[in-house]
Each structure stands twice: as C-alpha cells, then as structure tokens.
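Student: Sequence:
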Amino acid sequence: MFNFLEPDAEASTVPPEPTSPEAGLRPDKIRHLVVGSLETIRITIKAQHKQGYAESNDWSDPVPTGRPSEWFAIVTKRVWTELLSR
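1 is the number of the first residue of the sequence shown in the numbering used here; add one for each residue after it.
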C-alpha cells in the first residue's frame, strides 16, 4: 500500500474477468518493479493509476535499496494469456 499518495483510496474495485479453457485464456501473474527516488516512485504510481492500470493501494510500500536516495516498490497484476497449442 502507498498510503501517503492517496490517503482516502480504497482497495481495487475492479472485479476479476471471468474466463474458461474454452475461451482460450489462462490467468497468469506479472510483477512490475519501480526503482528510484521516493518522488519518482510516487509520480510513476500515480501515472499508472491515472492510466487505469494499477490502483495506488495495489503497490507495496516503498523499500530502501541500501543506496542513497534509492527506493523500490512492486505491484503484482493478473493478466490473461492465450493457451499455447502443443
């Protein structure tokens, strides 16, 4: 959660998309990692929210990397991928 960015925000309200093997899709996960200053991370998370990709509260709290003024945050998203024919 990234509370100081959107203090009144709630958890994601986007329902998962239903799928079935007949639709030729399967759920998969992808993780996005952003690394930079706290301000750059805040701006990036806000931009992803404005584009409708990820809610601000879906991101982890920023974590210091051990380098001066460098932090990271991560978000995990569910994506739908086509089933591969074998």
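Careful, some of the hints might be misleading.
Within a straight-line C-alpha distance of at most 30 Å, the following computed BS3-like cross-link-like pairs (lysine-lysine) qualify [said to hold, decoys possible]: (1) Lys46 x Lys29; (2) Lys46 x Lys77; (3) Lys29 x Lys77; (4) Lys29 x Lys50; (5) Lys50 x Lys77.
Ranges of calculated distance between the beta carbons of each label pair, as one might list FRET restraints [as the list claims (entries may be wrong)]: (6) Arg26 x Pro68: 41 to 51 Å; (7) Thr65 x Gly24: 34 to 44 Å; (8) Thr76 x Lys50: 30 to 40 Å; (9) Lys29 x Glu70: 21 to 31 Å.
No lab work stands behind these hints: they were computed from the structure.
Glycine included, every Cβ here is placed at the ideal spot set by N, Cα and C.
Student: So which of those numbered hints doesn't the model satisfy?
Tutor: Violated hint: only 8; rest satisfied.
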